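**Q** All chains, please: the whole structure from these sequences, using the hints.
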Amino acid sequence: MDDLIADFVAECREMLEALGGEIVAWEAEPDDRARLDSIFRFVHTVKGNCGFFEFPRLEALSHAAEDALADVRAGRRHADGQLVSAVLAIIDRIGEMIAAIEAGEEMPGGDDSALIDALAPGADGPAAPIVLAAEGQSRSSSAPRTIRLSVELLDRVMSTVSDMVLARNELARRLRENPTDVAVDGAFERLSGIIADMRDAITRTRMQRIENLFVGLPRMVRDLTAELGKQVLVDIEGGDVELDREMIEMIRDPLTHIIRNAVDHGIEKPAERLKAGKREIGILSVSARQSGNQILIDIHDDGRGIDGKKLVAKALDAGFLEKDDAAKLSHREQLALIFEAGLSTAREVTSISGRGVGMDVVRSNIERIGGIVEVDSRLGEGTRMTLRVPLTLTIIPALTLSIAGQNFAIPRSAIEEIVRANGESVTLEHVGGAGVATIRGRRVPEVSLAEILGLDSGIDEKDGTLIVLRPAGGDLYALTVDRIHDHEELVVKPAAPAVMATGLYAGTTLADDGSPILLLDPAGIAQVGGVKLEMQERSARIAENPAASIAASTEVLLFRALDGSRRALRLAVVDRIEEIPIRAVKQAAGQLRVQVGDAILPLAGASGAELGDDKVRLFRLSDGVHEIGYAFAEVIDFATIDNDVIHSERPGEVNGVSLINGEPAELVDAHWLFANHVGAAARNAAQMVCRLPSDDPWMQNMLRPIVEAAGYRVIGDADDENADLVIAAQGTAVSSEASRQTIWLRTELEAAGKKDESIYRYDRAGLLMALKSAHAGRGK
Amino acid sequence: MNELLLVVTIAGERVAIPAAAVESVVELDTLIAVPRAAPHVAGLSALRSRVLTVIDCKRSLELGTSDCSDGIREAAVVEFDGHHYALIVDLVEDVIEALSEPSPVRAAMEPGWERVSKGMVDSESGPLLLVDVAALIAGTAEAKAA
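Line by line, the protein sequences are chains A and B.
The opening residue of the first sequence carries number 1 in our numbering; numbering runs sequentially from there.
The opening residue of the second sequence carries number 781 in our numbering; numbering runs sequentially from there.
Worth flagging that the hints you see were computed from the coordinates, not collected in a lab.
Bear in mind that the values here come from a model prediction, so they are computed numbers and not experimental data.
Mixed in with the good hints there might be a few duds.
What the hints assert, rightly or not - Simulated restraints on C-beta separations:
#1 B:Ala914 <-> A:Gln527: 22 to 32 Å
#2 A:Glu417 <-> B:Met889: 48 to 58 Å
#3 B:Glu890 <-> A:Arg148: 24 to 34 Å
#4 B:Pro884 <-> A:Gln527: 36 to 46 Å
#5 B:Glu859 <-> A:Glu177: 49 to 59 Å
#6 B:Pro907 <-> A:Arg148: 21 to 31 Å
Beta carbons are placed, not taken as given, at the ideal position from N, Cα and C, and that holds for glycine.
**A** Quick look at the structure:
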C-alpha cells in the first residue's frame with residue numbers, strides 16, 4: 001500500500017507542478033477552456049484516487065472543486081474571479097495535504113468547510129489560504145527522490161547495455177587471441193565487472209512490482225460479482241514480487257481472463273454454495289511468488305471445479321478426440337482439454353466469458369513469453385490455475401550446443417535434464433522409424449536435431465547427448481545433439497521474419513566470439529519433429545502400465561533369429577525346442593508349415609530368411625490350445641527383462657524392444673504370432689484389458705504371461721482404467737464396479753464348496769477357459 | 781535533389797538500390813547457416829554486435845546461387861521492418877545520382893527481376909533497374925508460402 005501511496009503522491013506532485021503555470025494563466029483568463037480542462041482533470045484524478053485510499057478530507061475538497069468546475073464546463077456557470085480564487089485555494093490546500101502525506105505527517109489541522117463554501121455562487125472570498133500554503137512551502141521534502149522516465153528511453157538504455165555486453169564479449173575474444181599485458185587484462189576484468197553491475201541495475205529498472213497488475217483485481221471482481229449476483233472475497237498475496245515491466249503487460253490479459261472465468265464459471269451463486277455446504281462467500285485467492293528464475297502466479301477459487309468428463313464429452317462432440325483415446329485420459333489430461341481451441345464448458349454465453357475465445361488464447365499468450373499454464377481442479381472443491389513465467393524477456397540463461405560443427409543455443413528454462421545417449425540408464429531405440437529414448441525407466445519421444453535441421457551430424461546417434469526438454473505446454477521429449485558446450489547468459493534479439501518462418505527458432509544472439517547463434521525454440525522443434533505432445537502424454541501413460549508392474553521381472557528366452565536379429569520370447573510360451581530336417585518345412589495352405597512328429601504346425605520366424613541346408617531349429621510355442629513353430633538360429637541365454645519395454649507403434653511380430661543383458665533385444669509378440677498364424681479364431685479386434693494385483697509376485701511372474709498370451713493387456717491396481725477382467729486371489733477385496741468379470745484364484749486344489757467358482761491357480765486349462773470365455777463375453 | 785542510387789551488380793546485371801535504404805557496404809566473412817530457412821536466406825552474420833540476416837540476391841531472383849564457399853563477399857546492409865539484412869551482391873560499384881523518376885519498364889523482364897522491379901531510372905551511366913529491397917528480402921513466392 002505504501003508504494004501505491006507513493007505513486008499517488010508522485011503523480012499529484014507532478015500534476016501540481018505542471019498546473020502551477022496553468023493556474024496563474026487561468027486566473028488571468030477564466031474563460032480559457034484548455035486551462036479549465038487541465039485543472040478539472042487534476043481535481044478529478046485526486047478525487048478518484050482518494051476514493052481508493054482513505055483520505056476523506058482530500059476527497060471532499062476535490063469533489064467540491066470538481067462539481068464547481070463541471071458546472072463551468074457544462075456552461076451552467078461562469079468562471080468569475082471569485083470562483084477562480086476558491087478553486088485555487090482548494091488546490092493549494094490539496095498540495096499542502098499531499099506534502100503532509102508524503103512526509104508521513106499528520107494532516108494539517110483546520111476545517112475545509114470554509115474553502116468548500118467559498119465555491120458556492122455568490123460566496124465571499126476564500127479564507128486566508130495563502131498563509132497555509134506558505135507553511136507548506138517551508139517544509140523540505142524527505143521522500144525518496146524519483147524521476148519519471150519514458151519507457152522508450154529505458155528500452156534504449158537497455159538495448160545499449162545489451163550491445164555493450166556483446167562488445168565486451170568481442171573484446172574478450174580479441175584479448176584472448178592476442179596475449180596482452182597483465183595490466184590490460186586487469187583493466188578489462190574491472191570493466192567487465194562494471195558492465196555486469198550495470199546490466200543488473202538496468203534490468204532492475206525494468207522491473208515492476210506485480211502489485212501493479214493485482215491492484216485492479218478487487219475492483220474488477222467486485223463489478224463482476226455485482227453483475228452476476230455472487231459474493232466473492234479476493235485474497236491477494238505476493239504483490240511485492242518483481243517482474244519485467246513488459247512481462248506484466250503480457251500477463252495482464254491472460255490473468256484477467258482466468259479471473260473472469262473463475263468468478264463466472266467457478267464460484268457458484270450464494271444459494272448453490274449453501275446447498276453444497278460451503279460458505280456463501282466464495283474465496284478467490286491470487287498469489288505470486290518467485291521460484292528460481294520463474295514467477296509463479298496462482299489463481300485459486302473454491303468454486304464448483306471443472307468437470308473433466310464434461311470436457312471429454314465436449315471434445316468428443318467437437319471432434320478433438322477419438323472415443324478410444326478419450327477413455328484413456330487421466331484426470332489431468334481431461335482438464336488439459338480446456339486449453340483446446342473452441343472448447344468451452346459454459347452452458348450459456350454470458351457477457352463475461354464463454355465466448356469461444358478462451359483458455360486456448362490464454363495458453364498461447366503465456367507460451368509466447370516462454371511461460372506455462374497449468375490447471376488443477378477437483379469437482380465441487382475448486383480450481384487452481386498456475387501461470388509460470390520467466391523473469392525477463394531479453395536476457396535468458398541458455399545452453400549452447402553444437403550439431404555438425406554449428407553452434408546453437410537452447411533456453412535453459414525448458415531443459416529438464418541432460419544425459420549421454422550411451423549412458424547407463426539410457427537406451428535409445430527406433431520404433432517404426434520414430435525415436436524413443438528410455439531414461440531411467442521413463443520413456444520419451446526422441447528427436448534428432450541433425451535430422452530436423454537437415455544437417456549431417458557425422459556422429460553416431462549413440463555417441464550424442466540427449467537433452468530432455470519440457471517446452472512450454474508441458475510434455476517431455478528428448479533432443480539428440482552432437483555435444484553441449486556451456487551455460488551462457490544470452491542477450492536474445494528477435495530474428496528476421498524469414499528466419500522465424502521456419503518455426504524452429506526463438507531468436508538470435510551473439511556468442512562470445514562474435515558469431516551469431518540461433519536460439520532454438522523447444523516447442524517449435526517438437527512440432528516440426530512431429531512429436532505429438534498431447535498425444536504423447538496419453539501414450540506414455542499407457543506404456544507406463546507394464547513398467548509399473550514389471551518390477552517383478554519377466555523371464556525370457558534370448559535367441560538369435562534367422563535374420564540375425566537378437567530377439568526374446570517369454571519363456572512361458574515356449575513349450576520346447578525341436579530340431580527338424582529342412583524337408584519337413586513346406587509351403588502349404590497359404591503359409592509355411594512344419595511337420596513335427598504327427599502334427600503340422602504353422603511356422604513363424606522364417607519369413608524372408610534363409611532356412612539353411614539340412615536342419616532347422618525351432619521353438620514350439622503353445623497358447624494352451626494351438627501350437628506354432630518358430631524358427632531360430634541359436635539360443636543365446638535365459639534372461640529377465642528388467643528394463644522398460646519400448647513398444648512398437650504398429651502391431652507386428654515384434655511388439656517392442658528392451659535392453660536385455662546390456663543389449664537391445666526385440667520382444668516377439670506371441671499373441672500376434674498366434675493371431676496371425678493360427679487364424680482368425682484367435683484374432684481380436686481390440687485388445688482387452690485385464691487387471692492383475694501388481695504386488696502379487698505369483699500373478700506377475702507366472703500368470704501374467706499366460707494372460708498376455710491370451711490376448712490381454714495387463715494393468716495394475718494403480719491404473720484408473722476400466723478393465724474387462726480382473727483376476728484376484730480368493731479372499732482379497734476387489735472393487736466391483738471396476739470390471740465386468742472377475743476370476744478368483746485359489747491356492748487349494750479342491751474347491752471349498754459347490755458355490756465356489758474360483759479356479760485352482762495351476763489349473764492351466766481351467767484358466768485358459770476362463771480367459772477365453774471372458775473374451776467371448778465381451779462380444780455380447 | 782535527385783535520389784541517390786547505389787549501383788551494384790547482381791547476377792551480372794547492373795542495378796540500382798535506393799542509397800537511402802543502405803546503411804553501409806560491408807565485406808562479410810563468417811556466415812552461419814540457418815537450417816530449414818527459405819533458400820534465399822544465406823545465413824546470419826554479425827556486424828558490430830548486430831546480427832545480420834544475409835540474403836542471397838541471386839537466389840531471391842531465382843537466377844542461381846551465389847558462391848558462398850570462398851571467404852569474403854560484398855554485401856549491402858539495409859534495415860527493413862526493424863531487422864538488419866545484408867544483401868549479397870556480386871560487386872558494389874558506386875553511388876550515383878538518379879537523373880529521372882522511376883518509370884515503368886515496358887519490355888518483358890525475367891520473372892525474378894519483374895518481381896523486384898520498382899521501375900527504370902536514368903543515370904549518367906545509362907538506364908538502370910531500380911530494385912525494391914523489400915521484395916528482395918521477401919524472396920520468391922514459394923519462400924513466402926513456406
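**Q** Run every hint past the structure and note whether it holds.
**A** Against the structure, the hints come out as follows:
{"no.": "1", "hint": "B:Ala914 <-> A:Gln527: 22 to 32 Å", "result": "holds (29 Å)"}
{"no.": "2", "hint": "A:Glu417 <-> B:Met889: 48 to 58 Å", "result": "holds (57 Å)"}
{"no.": "3", "hint": "B:Glu890 <-> A:Arg148: 24 to 34 Å", "result": "violated (57 Å)"}
{"no.": "4", "hint": "B:Pro884 <-> A:Gln527: 36 to 46 Å", "result": "holds (44 Å)"}
{"no.": "5", "hint": "B:Glu859 <-> A:Glu177: 49 to 59 Å", "result": "violated (30 Å)"}
{"no.": "6", "hint": "B:Pro907 <-> A:Arg148: 21 to 31 Å", "result": "violated (55 Å)"}
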